[in-house]
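Visitor: So the chains spell out like this:
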Amino acid sequence: MLETLDQTPFIHAVVTTGSFVIFAIGLVGVLSKKNLFKIFLSFSLMESALFLFFIGSHYARGKQAPIATDAFTLFDDRMVDPVPQAMILTTIVIGIAVLALALSFVVRYHRLSGHIRIDRMDELGDAS
Amino acid sequence: MSLLSLIALPLLAVFLTPFYRNRLPIVSLLLSLALATVLGILAVRIPIVEYVSFASPLGIVFFLDAASLFFAGVFIGIMLWTALYTLQHKSDPACFVVRTVFFAGALGLVLSGDLFNLYIFFEIASISAYLLTALRQDQKGYAGAIKYMIIGSVASIFLLLAAMLIYLNIGYLTLPAIAERFATLPRDTQYLILLLLFVGFGIKTEIFPFNLWVADIYQAAPTRVDGLFSAVLSKAYLFLFFRLLYALRPEPDVYMFLMLTGLASFAVAEFSALTGRDLKRIFAYSTLGQIGVAFLALASHDPVVVSGALFLIGTHAIAKMLLFFALAIVEKGTGSVRVEAFGRFRSPFLTGLFTLGFLSVLGIPPLAGFIAKWTVFKGLAAAGHLWIVFAVLLISLIEATYFFRLLSLRARSEKSVPLTIPPGHKVLLGSLGLGLILLGLFPGTALELCTRAAEAFLAGVPHV
Amino acid sequence: MFSFAFTPLGHLFFGLSVLVFGSLVWVEHPRKDRMLYALLLMSLGVLFYAADLVTLFVGWEIMGWSSYFLIARRADTPTLQKYIVFNLAGAFALLGAIALIDASCGSIAYERIDFAAVPARETTFIVILGLVAIFIKSGIVPFHYWVVDAYSRSDDLFSAILSAILSKAGIFLFIVLFFRLITAPHLPASLLGLTAWLGVITSIIATFKAIDQDEAKRLLAYSSIAQIGYILTVLSVVGSLSLEAALYHTVVHTLVKLLLFVNIAAIIRVTGEGAFSRLGGQMERHRLNFVLMVLGIIALAGIPLLGGFNSKFLLYTALLEAHQGFLLAAVMFSSAGAFLYSYKLVYGIYLGQPTQAALSPTPAIPSGYYLPQLLGAGILIGLGIAPGAVVPPLNTVLVSVGAAPIAPLGTFTLGDTFAAFNGGVIWIAFGAIFLAILSVYFLLKNRSVAPKDRYDISYSGEIPPPGANLHYGYGMGRELSRIGGIGWILRHHAHSFWGRIETLAHDISILLRRLYAISAQNSAWLIIAAFTILLYLEVY
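Chains as they are written, first to last, in my numbering: chain A, 1 to 128; chain B, 1 to 464; chain C, 1 to 540.
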């Protein structure tokens, strides 16, 4: 039975379902939370879900991670596709940078206004 | 000379900031001149396709064809103008860094040729835009920046999803490879990818109903930054979206839908501007309207209309830079950007400039905007979309209503503050106004450039 | 990009423009507007000498916005808004027509446009759009909303330019579109018939509104609308004689309005008043001005002796020749009304007794004001004596737009085989009778008794208290509102219709603007919702 659990399609199914769930949680967070920190963390969750999904979809049982070592010097069929991994690494970095920037903005905003609730942000708008 | 230098040079200049932190205006000017030179050198060899690191179809791709040359040229021109404008300001590292990264990001967007690269520059441009919004470091700025980041993150996620789907189905990230294989995908998958791209780019291209955040951001950001947003940012994303679209070659229904979206954007934006009370927001709505027209024209997929669209983008960039920078002077002098402030300053020079800007945006001869609008209308009529021409003309009336109402305030300036403008700034602003007049009277060369750019644009991506 | 051709039609209209501008230069004007006036004149040159439709459009637009800034010297925001929105609407309609012409005929150059190959549906569309532009510029009902305020609330001398020249732009466009470009077999007859009737209905409405006015400039504004209405009506008949009549009336109307507006400008300049209820009795103090105005209203009303009669005569003849009996009757009805407002104009200002406001002594009118008036009056007198002298030049214009020339009947005779009159004979006859009556008057003059002061009107059976308003003739025309149809016209205003549209746009705007102020989260909701809806639409 443990054999079944180790098969590629099963792993793919778990990854897909799991990432959808995490994505949904993130989405709900973005759309309904009022605390700015929570909103940005929810975005982080959504992105993580996407990363999981993307990398997980390329998982294949028996293949190696695409890192050149002494044993594996060629990028060939015995490795998992390296392109998604490269792309996601970069995307993770971008995500962190954006999150850091967002949180620093939130901190600065809190210093000036005293709150971090999105429904109390009323500086902008079109007075009739 | 590599295409990469167009992006590497600004970034290098930014990294080396600590070495010349007291002479940044000069550095900024030299950088713009250097980029202009590089672009000129590269321009003769178009189309250029450059692969970095790996050969096709795995590597990172940069393109330069007539279309991206046009946009790169406009952006570098604006960068040069901005550098000249800030020549007399004191050296401000934060402003220099953010502004230069902004231009680097915009150039990168225009030059990218694969999804990976595209996403990176998408984010770089966005991040620099967030920082530019918060540049004044006041509560309004941070509120705007936060709002911008929330919406921007939504856009990133849509784009990321689209990129992932494309890779999962096609297996390649480079645009030429994707273009070849997109039509072979099942129709539902094609639709989903296009929809994700539409929403993701729609947010950044500021199309209705995804542009509800724009007016707030323009209000929060410093007025001159709004000029940059209006002239550069939305246009870069617009270019990229249509580059993708033309490469993917969807069905005609899709084009029709996009044209309607553009028209709806124009209509909603102009109606909103009609009763606006804040000048920055009114100008923001005007920008949204013009983007709608440009979007509509680009989606028509017709060579004449697309060349008109490119001309429109160029002249609108000039006009909005003029309008926002002039508004910044008014803001400093009267202390307000409410509509009433428009009647409270005394400066015949600025009145003339505002008039030129408004008339050009409205598309009234002999300004450049008219040539753009006429080319678009001519092409649309020939292609059989006459009712769209009428719709645009009708909505332009709304635009005329609020612009001329502002001008009528100028005619009556009691208890007004006389504004003094430094001569350097006067020359620069005047040159923009003069540009609008000259392009309107002698559009020949510029139109020729736009026609060639349009041909390259519609042809999709250069193939290997 | 732009092309020009120096045609007789262009010479006629531009010549009139130069005449008007040139004569006004001699009157005082603020120095800072020189650039705008120059720009306006240049735009008229571009418009009238254009050889392709885009150049025409450029001239039309520049004319529109340079006038805006000149009107803005004095007018208030609502007037300005009405002016520019209507004029731009007309301009945009014209642009739509030009785009359609370009698509259907493949070119916008006059030389290369040929409507032979264009399907009737497209031609109809083009005609409708062109007519909208013409109607708006000419102030045809219901687009006359902007005209009266713009004419009456701008600088007095600029009103002369507005009425004398700028109102003719629509006429020019009509001739270019419907005589030069779209030639006879392709013209939709029903639309032209509609135009003819709209023209004369506008004249009737404008005439009665003119009689009802208290301000001199507003009266003249309505009068301008009415006169342009006549021109459009006769043009819609589309034939050589009708074109001749229209051109003749264009020339006459330009001169008449130049004269009358400058006359009013002079009065306003020295008295500070522009309303009949606050003027009166100015004849004694400003005799030359009075005489010039009398000449003006003779021409305006179309009374024989001056050029006004010539054009009216041609107009009626053209309508008769085209068998348009009903139109002719309507035009005559409107012309009858024109007598009333013409008389009101001269009575309200110069005759009767001065009101309290007009009693104070006024300086003499600066001589500069007389030049345009003398010029206008002189040409009108000349036209009255030698009506046929203009026919050969007008014939060259006719030929240049493709119409057949009218056979000239000699320098002093005007008309055609149907009916004609001799101006010289009329002048001789009138001169003899006038001299006879004048001599009788002088012989009898010494027998009358001169009143001691203005309140000495006991011979009329009344002894008014001091301070009573003796200038009650200015209320002339009030009784007209008791007549059924006319009363309805006078009581209803275009404002109620256009005002509703304005309110509608305003409300839509406020509604949509709320969308742009929602929070980031709600924006995100909307984006996700839009995505979901679009996804759903395709899946099912």
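Hints were generated in silico from the structure; no laboratory data involved.
What you are looking at is a predicted structure, and each value in this text was computed from that prediction instead of being measured.
Fair warning: there could be bad hints in the mix.
In silico SDA-like pairs for lysine to any residue, Cα to Cα no more than 20 Å straight-line [said to hold, decoys possible]:
hint: 1; chain 1: B; residue 1: 140; chain 2: A; residue 2: 116
hint: 2; chain 1: B; residue 1: 378; chain 2: C; residue 2: 2
hint: 3; chain 1: B; residue 1: 332; chain 2: B; residue 2: 86
hint: 4; chain 1: B; residue 1: 378; chain 2: C; residue 2: 115
hint: 5; chain 1: B; residue 1: 140; chain 2: A; residue 2: 118
hint: 6; chain 1: B; residue 1: 378; chain 2: B; residue 2: 260
hint: 7; chain 1: C; residue 1: 32; chain 2: B; residue 2: 412
hint: 8; chain 1: B; residue 1: 140; chain 2: A; residue 2: 113
hint: 9; chain 1: B; residue 1: 378; chain 2: C; residue 2: 3
hint: 10; chain 1: C; residue 1: 32; chain 2: B; residue 2: 409
hint: 11; chain 1: B; residue 1: 378; chain 2: C; residue 2: 32
Using C-beta positions, here's what the derived DEER-type ranges look like [claimed, not checked]:
hint: 12; chain 1: B; residue 1: 441; chain 2: A; residue 2: 38; range: 55 to 65 Å
hint: 13; chain 1: A; residue 1: 86; chain 2: B; residue 2: 94; range: 47 to 57 Å
hint: 14; chain 1: B; residue 1: 441; chain 2: C; residue 2: 433; range: 51 to 61 Å
hint: 15; chain 1: C; residue 1: 537; chain 2: B; residue 2: 26; range: 54 to 64 Å
A few chain B positions that, by computed beta-carbon distances, are all more than 12 Å from chain A [as the list claims (entries may be wrong)]:
hint: 16; residue: 14
hint: 17; residue: 90
hint: 18; residue: 119
hint: 19; residue: 161
hint: 20; residue: 168
hint: 21; residue: 180
hint: 22; residue: 215
hint: 23; residue: 281
hint: 24; residue: 282
hint: 25; residue: 303
hint: 26; residue: 351
hint: 27; residue: 385
hint: 28; residue: 427
Cβ coordinates follow ideal geometry from the N, Cα and C atoms, glycine included.
Visitor: Each hint needs a verdict: does it hold in this structure or not?
Guide: Going down the list of hints, with the structure as the test:
1. Distance check on the hinted pair: residue 140 of chain B and residue 116 of chain A sit about 13 Å apart at the alpha-carbon level, within 20 Å; holds.
2. A distance of roughly 16 Å separates the Cα atoms of residue 378 of chain B and residue 2 of chain C; the hinted pair therefore holds under the 20 Å criterion.
3. A C-alpha spacing of about 16 Å is found between residue 332 of chain B and residue 86 of chain B, which places the hinted pair at or below 20 Å, so the restraint holds.
4. About 18 Å separates the Cα atoms of residue 378 of chain B and residue 115 of chain C, which keeps this hinted pair within 20 Å; it holds.
5. About 13 Å separates the Cα atoms of residue 140 of chain B and residue 118 of chain A, which keeps this hinted pair within 20 Å; it holds.
6. The straight-line distance between the Cα atoms of residue 378 of chain B and residue 260 of chain B is roughly 18 Å, inside the 20 Å bound, and the hint therefore holds.
7. With a C-alpha separation of about 15 Å, the suggested pair residue 32 of chain C and residue 412 of chain B falls inside the 20 Å cut-off, and the hint holds.
8. A distance of roughly 10 Å separates the Cα atoms of residue 140 of chain B and residue 113 of chain A; the hinted pair therefore holds under the 20 Å criterion.
9. A threshold of 20 Å between alpha carbons decides the hint, and for residue 378 of chain B with residue 3 of chain C the separation of about 18 Å falls inside it, so the pair holds.
10. Proximity of residue 32 of chain C to residue 409 of chain B is assessed by CA-CA distance (about 18 Å); at most 20 Å being required, the pair is judged to hold.
11. Distance restraint check for residue 378 of chain B and residue 32 of chain C: the Cα-Cα separation of roughly 38 Å exceeds the 20 Å cut-off, and the hinted pair is therefore not satisfied.
12. For the pair residue 441 of chain B and residue 38 of chain A, the beta carbons lie near 57 Å from each other, so the given range of 55 to 65 Å is met.
13. With their beta carbons about 32 Å apart, residue 86 of chain A and residue 94 of chain B fall outside the hinted range of 47 to 57 Å.
14. Distance hint check: the CB atoms of residue 441 of chain B and residue 433 of chain C are about 60 Å apart, consistent with the given range 51 to 61 Å.
15. Distance hint for residue 537 of chain C and residue 26 of chain B: a CB-CB separation of about 56 Å, consistent with the stated range 54 to 64 Å.
16. No beta-carbon of chain A comes within 12 Å of the beta-carbon of residue 14 of chain B; the shortest separation is about 15 Å.
17. Against chain A, the non-interface label of residue 90 of chain B holds: every CB pair exceeds 12 Å, the least being about 23 Å.
18. With a least beta-carbon separation of about 7 Å from chain A, residue 119 of chain B fails to lie farther than 12 Å from that chain, contradicting its non-interface assignment.
19. Against chain A, the non-interface label of residue 161 of chain B is violated: not every CB pair exceeds 12 Å, the least being about 7 Å.
20. The Cβ of residue 168 of chain B does not lie farther than 12 Å from every Cβ of chain A; its closest approach is about 6 Å, which violates its non-interface assignment.
21. Under the 12 Å C-beta cut-off, the non-interface status given to residue 180 of chain B relative to chain A holds; the minimum distance is some 17 Å.
22. Against the 12 Å criterion, residue 215 of chain B falls within the reach of chain A, whose nearest CB is about 7 Å from its own CB.
23. Its closest Cβ contact with chain A, about 6 Å, brings residue 281 of chain B to no more than 12 Å, contrary to its assignment away from the interface.
24. Not every CB of chain A lies more than 12 Å from the CB of residue 282 of chain B, the least distance being 10 Å, so the non-interface label is violated.
25. In this structure residue 303 of chain B is separated from chain A by more than 12 Å, as the shortest Cβ-Cβ distance comes to about 35 Å.
26. No beta-carbon of chain A is positioned within 12 Å of the beta-carbon of residue 351 of chain B; the least distance is around 25 Å.
27. No beta-carbon of chain A is positioned within 12 Å of the beta-carbon of residue 385 of chain B; the least distance is around 33 Å.
28. Non-interface status of residue 427 of chain B relative to chain A is upheld: no Cβ of that chain comes within 12 Å, the nearest being about 34 Å off.
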